[in-house]
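Chains as they are written, first to last, in our numbering: chain X, 1 to 235; chain B, 236 to 470.
It is worth saying that the hints were derived from the structure and are not from the lab. Computed from a predicted structure; not experimentally measured. Please note: incorrect hints may appear among the correct ones.
Chain B stretches covered by chain X per the calculated footprint, using a threshold of three residues with CB under 8 angstroms from any CB of chain X [claimed, not checked]:
no.: 1; stretch: 247-255
no.: 2; stretch: 268-274
no.: 3; stretch: 418-428
no.: 4; stretch: 462-468
Okay, derived cross-link-like pairs now, SDA-like style, lysine to any residue, Cα gap no bigger than 25 angstroms in a straight line [as the list claims (entries may be wrong)]:
no.: 5; chain 1: X; residue 1: Lys-170; chain 2: B; residue 2: Lys-341
no.: 6; chain 1: X; residue 1: Lys-170; chain 2: B; residue 2: Ile-293
no.: 7; chain 1: B; residue 1: Lys-405; chain 2: X; residue 2: Lys-83
no.: 8; chain 1: X; residue 1: Lys-61; chain 2: X; residue 2: Asn-210
no.: 9; chain 1: X; residue 1: Lys-22; chain 2: X; residue 2: Ser-73
no.: 10; chain 1: B; residue 1: Lys-414; chain 2: X; residue 2: Gly-228
no.: 11; chain 1: X; residue 1: Lys-201; chain 2: X; residue 2: Gly-228
no.: 12; chain 1: X; residue 1: Lys-170; chain 2: B; residue 2: Glu-258
no.: 13; chain 1: B; residue 1: Lys-405; chain 2: X; residue 2: Pro-107
no.: 14; chain 1: X; residue 1: Lys-212; chain 2: X; residue 2: Leu-25
no.: 15; chain 1: B; residue 1: Lys-405; chain 2: X; residue 2: Leu-25
no.: 16; chain 1: X; residue 1: Lys-147; chain 2: B; residue 2: Tyr-335
no.: 17; chain 1: X; residue 1: Lys-147; chain 2: X; residue 2: Arg-199
no.: 18; chain 1: X; residue 1: Lys-220; chain 2: B; residue 2: Thr-246
no.: 19; chain 1: B; residue 1: Lys-341; chain 2: X; residue 2: Pro-144
no.: 20; chain 1: X; residue 1: Lys-22; chain 2: B; residue 2: Thr-246
no.: 21; chain 1: B; residue 1: Lys-414; chain 2: X; residue 2: Lys-83
no.: 22; chain 1: X; residue 1: Lys-83; chain 2: X; residue 2: Pro-17
no.: 23; chain 1: X; residue 1: Lys-147; chain 2: X; residue 2: Asn-57
no.: 24; chain 1: B; residue 1: Lys-414; chain 2: B; residue 2: Asn-437
no.: 25; chain 1: X; residue 1: Lys-179; chain 2: B; residue 2: Glu-251
no.: 26; chain 1: X; residue 1: Lys-60; chain 2: X; residue 2: Asp-97
no.: 27; chain 1: X; residue 1: Lys-147; chain 2: X; residue 2: Arg-193
Backbone N, C-alpha and C define an ideal beta-carbon position, used for all residues, glycine too.
2 protein chains.
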Amino acid sequence: MRNCIIASTSTLYGSEPLEYLKEALTDLYSDTEEILFIPYARPGGISHDEYTIGVNNIFKKINKRIVSIHMFSDTNEALKSAKGIFTGGGNTFLLVDQLYRNNVIKPLTEAIQSGTPYLGTSAGSNICGLTMQTTNDMPIVHPPSLKTLGIFPFNINAHYLDPDPNSTHKGETRETRIKEFHNLNPQPVVGLREGSWLRVKNNDITLEGNLKARVFEQNKTPYEITSGSSLSELN
Amino acid sequence: MRNCIIASTSTLYGSEPLEYLKEALTDLYSDTEEILFIPYARPGGISHDEYTIGVNNIFKKINKRIVSIHMFSDTNEALKSAKGIFTGGGNTFLLVDQLYRNNVIKPLTEAIQSGTPYLGTSAGSNICGLTMQTTNDMPIVHPPSLKTLGIFPFNINAHYLDPDPNSTHKGETRETRIKEFHNLNPQPVVGLREGSWLRVKNNDITLEGNLKARVFEQNKTPYEITSGSSLSELN
Numbered sequence: 001m002r003n004c005i006i007a008s009t010s011t012l013y014g015s016e017p018l019e020y021l022k023e024a025l026t027d028l029y030s031d032t033e034e035i036l037f038i039p040y041a042r043p044g045g046i047s048h049d050e051y052t053i054g055v056n057n058i059f060k061k062i063n064k065r066i067v068s069i070h071m072f073s074d075t076n077e078a079l080k081s082a083k084g085i086f087t088g089g090g091n092t093f094l095l096v097d098q099l100y101r102n103n104v105i106k107p108l109t110e111a112i113q114s115g116t117p118y119l120g121t122s123a124g125s126n127i128c129g130l131t132m133q134t135t136n137d138m139p140i141v142h143p144p145s146l147k148t149l150g151i152f153p154f155n156i157n158a159h160y161l162d163p164d165p166n167s168t169h170k171g172e173t174r175e176t177r178i179k180e181f182h183n184l185n186p187q188p189v190v191g192l193r194e195g196s197w198l199r200v201k202n203n204d205i206t207l208e209g210n211l212k213a214r215v216f217e218q219n220k221t222p223y224e225i226t227s228g229s230s231l232s233e234l235n
Numbered sequence: 236m237r238n239c240i241i242a243s244t245s246t247l248y249g250s251e252p253l254e255y256l257k258e259a260l261t262d263l264y265s266d267t268e269e270i271l272f273i274p275y276a277r278p279g280g281i282s283h284d285e286y287t288i289g290v291n292n293i294f295k296k297i298n299k300r301i302v303s304i305h306m307f308s309d310t311n312e313a314l315k316s317a318k319g320i321f322t323g324g325g326n327t328f329l330l331v332d333q334l335y336r337n338n339v340i341k342p343l344t345e346a347i348q349s350g351t352p353y354l355g356t357s358a359g360s361n362i363c364g365l366t367m368q369t370t371n372d373m374p375i376v377h378p379p380s381l382k383t384l385g386i387f388p389f390n391i392n393a394h395y396l397d398p399d400p401n402s403t404h405k406g407e408t409r410e411t412r413i414k415e416f417h418n419l420n421p422q423p424v425v426g427l428r429e430g431s432w433l434r435v436k437n438n439d440i441t442l443e444g445n446l447k448a449r450v451f452e453q454n455k456t457p458y459e460i461t462s463g464s465s466l467s468e469l470n
C-alpha cells in the first residue's frame, strides 16, 4: 500500500506555496487533520522551528495542523502513529544526513509503504527514489550514505530544467549531469518540471499536472511522457 | 612555494578549449614540455584514455606533451617527478573519490605546495579549496570525504552564475545554495565566473581575467572584487 504525492516543487512562480496542489492535498489527507512534518532540509538555513511555523501557516488554509518530528523524543513512535506525513524541500544532503542521524530512514520507509499518506516536495521527493544522487543541491554536509527510501525503483530530479538554447554558459546542463550519473548507475531518472507531480497509489504511479516529464534511462535516448502517463512499470 | 592557475572553466563560449589561457599557460609551464594530467573527473563519462588524448591534442598547440596519471603504476612517484600538473574538469565527486581511492590527495598536495606548476579547471579548481562542498555537480558517487587539498583557506565555486532577474524558476539560485553552505560551514567561497582565474604565486593570490568575482563570507553581505584584486588575506 502506498499513497503519495511526489512534487517537483512546493511553490510555483507567482503563486502561494502549495496552492497548485490544494485539491490533490485535500484528497491525500482526507482522513486526518494532523500532519507530521519533517523539517530537516531547512531551506536557506532557517531553523526547524521557523520552518514548522511557516508550514503550519500554509496548511491552516486547508484546515490541517502541523506537528514536527523534531518536537518528539521518540521519532519512531511519531512516525508509526502519524496519519499523514509531509517532508519539505531545502538541501537534500542535509535532509538525508539528518534522516540517518535520527534513525528515521527505516520507520519513515515503513510508514510510507504501509499506506500513510505522504507528501514530498523537492528534497522531500528526491528521498523517495532509490538514491539522492540526482539532486541539484550542494553537499553542505557529508551524509553516511546516499541511499534513500526506495519507495519506487527509480530516482527523481526535482525542479527539472531544460537546456537553454541561447545560453553561452559552459557549465554542465541538467541533462549532461544525468548522463554522467548513468555512466556509473543503472536506475532510471524522472525529471519533474515545476508544476508536475507523481501520484503514487498502491501499485500505480501516474504523472500529474499540466506539463510533460522527461525520463532518462541508461543507454537510451531521453524521452518525454505526457500528464496522465503511468510510470508503474519503470525500473 | 605555490605556482598555480585556478580557472573557472576550461572553455569559453565560441572559443577553443584553454585558448583564453594560452599566454598564462605558456608562462606557467615555461620550464617543462611534459605535463602530468589527472583525468579522474571524466566529463560526460568519457574514459581516462579518451580524455587524455583530447587534452594532449589541446596542449600540442602550445608545444606541450601530456602523460596521464592513470598510465602509471606508481602515482606517488609520478607526482613527485612531475614538472607540471593539470587536473581537468568533469564531475567533482568522481574526481575526489578517485583522488582518495588512488591515494593521490597527499602527494598531489605536496607537489603543489612545493611549487610544481599546477593548472586546475572547473572540478580541478574546486579541489584546491578546503572542501568540495561548493561544487555544482551531482553526487554520482559517494567519496569517503569532502575534504580537498586546501591549497588556499577558502572554497571555490566554479562556473559561478548570477541569478537571472527574469527567471520564473523556483529552484535555488547559486547564491542561495552558498548561503545554505555558510549556515553550516565557516570558510569563504570565491564565485569564479567563466573567464576568471586565480593566479597563485608563492603567498600571493590574484584575480585574473576580464571579469569581477563574487566573494561570499559567512555572516557578511556578498561582494564583488575586480580583476587584479588580491585574495591573499581571505580566510
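Each hint tested on the structure:
1. 247-255: It holds, with 3 qualifying residues against the three required.
2. 268-274: violated (count 0)
3. 418-428: Coverage by chain X holds for the stretch 418-428 of chain B (3 residues, Cβ < 8 angstroms).
4. 462-468: violated (count 0)
5. X:Lys-170 - B:Lys-341: Cα-Cα ~30 angstroms, so violated.
6. X:Lys-170 - B:Ile-293: Satisfied, since the Cα-Cα distance of roughly 17 angstroms is no more than 25 angstroms.
7. B:Lys-405 - X:Lys-83: Violated: Lys-405 of chain B and Lys-83 of chain X sit about 29 angstroms apart, past 25 angstroms.
8. X:Lys-61 - X:Asn-210: This hinted pair holds, its Cα atoms lying about 23 angstroms apart.
9. X:Lys-22 - X:Ser-73: Distance of about 31 angstroms is beyond 25 angstroms: violated.
10. B:Lys-414 - X:Gly-228: 38 angstroms, violated
11. X:Lys-201 - X:Gly-228: 13 angstroms, holds
12. X:Lys-170 - B:Glu-258: 21 angstroms, holds
13. B:Lys-405 - X:Pro-107: 31 angstroms, violated
14. X:Lys-212 - X:Leu-25: Holds, at roughly 21 angstroms.
15. B:Lys-405 - X:Leu-25: Within the cut-off at roughly 20 angstroms; holds.
16. X:Lys-147 - B:Tyr-335: 21 angstroms, holds
17. X:Lys-147 - X:Arg-199: 22 angstroms, holds
18. X:Lys-220 - B:Thr-246: 28 angstroms, violated
19. B:Lys-341 - X:Pro-144: 23 angstroms, holds
20. X:Lys-22 - B:Thr-246: 46 angstroms, violated
21. B:Lys-414 - X:Lys-83: It is violated: about 35 angstroms lies between the C-alpha atoms, which goes past 25 angstroms.
22. X:Lys-83 - X:Pro-17: Distance ~22 angstroms between Lys-83 of chain X and Pro-17 of chain X Cα, so the pair holds.
23. X:Lys-147 - X:Asn-57: Violated - the C-alpha atoms of Asn-57 of chain X and Lys-147 of chain X are around 32 angstroms apart, more than 25 angstroms.
24. B:Lys-414 - B:Asn-437: Cα-Cα ~30 angstroms, so violated.
25. X:Lys-179 - B:Glu-251: Satisfied, since the Cα-Cα distance of roughly 23 angstroms is no more than 25 angstroms.
26. X:Lys-60 - X:Asp-97: 29 angstroms, violated
27. X:Lys-147 - X:Arg-193: Holds, at about 23 angstroms.
Violation of the numbered hints given earlier is confined to hints 2, 4, 5, 7, 9, 10, 13, 18, 20, 21, 23, 24, 26; the remaining hints are satisfied by the structure.
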